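Chains A and B, in that order, give the protein sequences. To convert a position in the first sequence, counted from 1, into this note's numbering, add 78. To convert a position in the second sequence, counted from 1, into this note's numbering, add 72.
Among the hints, erroneous ones may be present.
Said to hold, decoys possible - The following residues of chain B were derived to be distant from chain A, with all beta-carbon distances above 10 Å:
1) 77
2) 83
3) 91
4) 138
5) 147
6) 156
7) 167
8) 173
9) 219
10) 220
11) 268
12) 323
13) 325
14) 331
Unchecked claim - Just so you have them, the derived chain B footprint on chain A, three or more residues with Cβ under 8 Å:
15) 221-230
16) 284-298
17) 330-336
18) 340-350
19) 386-395
20) 408-421
I should point out that these hints are in silico values taken from the structure, not numbers from a laboratory. All values derive from a computational prediction rather than experimental measurement. The beta carbon of each residue, even a glycine, is placed where N, CA and C say it ideally should be.
Each chain, written out:
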Amino acid sequence: MIVIVALVLSACSGGQPQTGTGSPAPSAAATGAALPTGETPKPGGELTFIVTAEPPSFDGHSQNTFAMLHYTAPHYSLLYRLDPADLTKIVPDVAADMPQISADKLVWTIPIRKDVKFHSGQQLTSADVLATYNKIVFPPSGVTSTRQAVYGVVDKIEAPDASTIKFTLKYPSASFQASLASPWNFVYSADKLKTDIHWYEKNVDGTGPFVFVEYQKGAFWSGKKNPDYFVKGRPYLDSFKAIVVSDTNRQTTAIQSKQAMIEFRGFTPQQRDTLSRALGQDLAIQEAPWICTNYVAFNTKKKPFDDERVRRALSLAVDRWAGGEALSKTTIVKDVGGLMRPKGPYAMSDADLVKIPGFGKDAKAAKDEAKKLLADAGASSLSFKFLNRNVTTPYEPLALYLIDQWKQVGVTATHDVKETAAYQADERNGNFEVGLGFNCDYFDEPDLQLAKFVSASGAGKGLNFSFYDDKKLDDMILAQSKETDAAKRKQIVGDIEKYAMGEQAYQWPVLWWYRIIPYLATVRGWKVGSNHYTNQDLVSIWLAK
Amino acid sequence: MIPTLVGVGILTFVLMRLVPGDIVALRYAGATAVPQDVIDRERHILGLDRSMPEQFASWMAGAARLDFGQSLWTDRPVTEEIRARFGVSLEVAILATLIAVTLAVPLGVLAAVKQDTWVDYAVRVFSIGGLAMPSFWLGILLILLLVVTIRWAPPLIFVPFWTDPIQNVLQVLWPALAVGYRYSAVTTRMTRSSVLEVLREDYVRTARAKGVRESLVVVRHALRNSLLPVITVISLEFAFLIGGLVVTEQVFNLNGIGKLLVDAVAHRDYNLVQAIVMVLAFVFVFINFLVDLLYGVLDPRIRHA
């Protein structure tokens, strides 16, 4: 045993010397292997990838875990999707074209492709799209549609003919196009839904690039190429196998030993560095800012967190810029941003961001101001329990950083770490003072990212764990949602950020996540996006060997 | 047996419901939070809005017919969930036991016979190492050793023995080694002390005085009579391995019952947890029953009594 330990330790330390500061940047060659290079895609082969969890159901309409999408997305089509080559752009999937929108922006008419077949052989028509969206937007009793609220703007859905679907909205909506490209909105068969509306919870029949083959619970999920896929020449792969691996070390060794080629959610900087040292040019790495962030949420029903001075002081105490630099070396956070993803289409500029209390770059001045605010609020020696999940990446390091920052302004926070179920129970019941929450979305879309800021007794019930009601904020959020002029909408979103994070500081982001995907360089045609929900149908992926 | 199982069932039912957390909230913990009305609707569908006595009565009525219901997480019958995993854990437990017994009994006897010599010291170091080293850590080291030295790791997907024996052994051997080492350490120490005790008995001295060969004295007189405590340890360890290999199963990506139990607890899947605990309780009780029978085989005094 001692021999084994010695061998392993010497082997682990004897690899290639690491460049840089512990986060070696991917070499141009390695990164280039993953990006479009003008190579001709080669058909064939099986993609093996890791999924770290398993879904309770296969029904995209009721689920919201990436684990469900990574297994099932290759089997389904959507009405619209994100362009695999440009993940900020929405393109038709089973829709034949982009929607025709009426002059009053209330009626959206969408043509449906006529060459789409379900894996069971049935032809897809607008009746299938209608049944799908009726299930999502107007679910019957006993059916769960997790994102029903997102479609509250929809008044009615009709299928005037076999190849047209028509949505009528209650008011113009800026986010409706993105909502139609939601990766969860798998198009289902109307017949199957009519026979048993729960059929898709345990079965698979879509129109996507891969046909379902087998699922061995706790082990793997597999699919094979759909020969009747409506995009000719696609997919390139013959088959795929998604392997369930929950242990972090085993995920790394699975890639290292080439038992799996990729894991699509994201690895830590340490995992990336380990693989980079071990595999060298056999490894490609893609990285991107992630539409995920952790929020510090204050229970405004508890004193002194009902006082905005205290909330603002605790935000001012945190040096986010130094935190981003330090923590990005060890965990999956990096960028400083407001309520919208940094560098995203709705992000405010750094010049504007640094003017918001807590987001400035003069950490000493901010901490002095924090101390003054706490003194004014009579909370100079504030102490509280800081509720957190027992999830290492990135919750625990983030919380430790925050606690240290608060300590520097005389505030004592006790790290109250709970397993997810107990954490959620406390969060939902308001049984906490300050907690570390999170939010992840599939698209840079203010309606999605601002949903948890709506008043807790209104549409924000079950989403807003700061438990405040603020009509002014609600009105601003509704205004941006109805504003179809992009520039004006961005302006309103900026005002919301200044008000919600700066003035009221009800709940504020700490650092935004950063997605790191190290994978075998033989995998081509896949482009990292700013989320781990979209672009999972594997349609553009091919294998170099 | 039945009162024990009923007691275990009641205890598990109550304990699970005392732990805070809600399976429905967990089902939707993946991304953006889910509105309260969705949570309430799902709770109703799963019957979690019924009173505790109602839920208990319904569960007990099912359990009496060996119907443990559906998994609240996957909506599949819990018997189906358990059946798929039980075989994996059982196989690892059997292989680990074989490894442990093959190592432990000869080493324990050797250490006892060569007491206070370098052989005894070497065996003691070996066994204390096994006790001190967590199985999962040894497992991680084994995988790293394989990956770093021969660029190979045990298969990620379990293949049943009758489908592909080689692939099966290649996956199960490593966790069995990691677990078997600790298991053998416990058994070695028990064998050593038990054999030492018997070697001091009068009948052993008599056998030696009669001129019986030393090997026969050790094997026939000492070892056989020292086996009762050793078998007790082996059986308890074996029963523990069926459901207790949680971390090791995780490290080796084994889809066993320990991992299933931990996932079920984390998901607050009451039906599944209750059923697994009942199965594990049954395994313990059944193995104890078998050991009681074995005592009779090994010791005629017990049989005749």
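Going down the list of hints, with the structure as the test:
1. Distance check for residue 77 (chain B) against chain A: the nearest CB is about 26 Å away, which clears 10 Å, and the non-interface claim stands.
2. For residue 83 (chain B), the shortest C-beta to C-beta distance to chain A comes to about 20 Å, beyond the 10 Å cut-off, and the non-interface label holds.
3. Residue-level check failed: residue 91 (chain B) sits 7 Å from the nearest beta carbon of chain A, not beyond 10 Å.
4. With a cut of 10 Å on Cβ distances, residue 138 (chain B) stays outside the contact zone with chain A, its closest approach being about 21 Å.
5. With a minimum CB-CB distance of about 7 Å to chain A, residue 147 (chain B) fails to clear the 10 Å threshold, and the non-interface call is violated.
6. With a cut of 10 Å on Cβ distances, residue 156 (chain B) falls inside the contact zone with chain A, its closest approach being about 6 Å.
7. Against the 10 Å criterion, residue 167 (chain B) stays outside the reach of chain A, whose nearest CB is about 19 Å from its own CB.
8. Residue 173 (chain B), annotated as away from the interface, keeps every beta carbon of chain A farther than 10 Å; the closest lies near 19 Å.
9. For residue 219 (chain B), the condition that its CB be more than 10 Å from all CB atoms of chain A is violated, with the nearest at approximately 5 Å.
10. With a least CB separation of 4 Å from chain A, residue 220 (chain B) falls inside the 10 Å interface cut-off, contrary to its annotation.
11. Every CB of chain A lies more than 10 Å from the CB of residue 268 (chain B), the least distance being 25 Å, so the non-interface label holds.
12. Here residue 323 (chain B) does not stay apart from chain A, with its beta-carbon only about 6 Å from theirs, under the 10 Å limit.
13. The Cβ of residue 325 (chain B) sits about 5 Å from the closest Cβ of chain A, inside the 10 Å cut-off, so the non-interface label is violated.
14. Residue placement check: residue 331 (chain B) does not keep its beta carbon more than 10 Å from all beta carbons of chain A (closest about 7 Å).
15. With 5 residues having a beta carbon nearer than 8 Å to a beta carbon of chain B, the segment 221-230 of chain A meets the requirement of three or more and the stated coverage holds.
16. Three residues within the 8 Å Cβ limit are the bar, and the segment 284-298 of chain A against chain B gives 5, so the coverage statement holds.
17. Counting residues of the segment 330-336 of chain A whose beta carbon lies closer than 8 Å to any beta carbon of chain B gives 5, which reaches the threshold of three, so the coverage claim holds.
18. Given a C-beta distance limit of less than 8 Å, the hint that chain B covers the segment 340-350 of chain A is violated, as 0 residues qualify and 3 are needed.
19. Proximity of the segment 386-395 of chain A to chain B, defined as three or more residues with a beta carbon under 8 Å from a beta carbon of that chain, is not established by the 0 residues found.
20. Residues of the segment 408-421 of chain A lying with their CB closer than 8 Å to a CB of chain B number 0, which falls below the three-residue condition for coverage.
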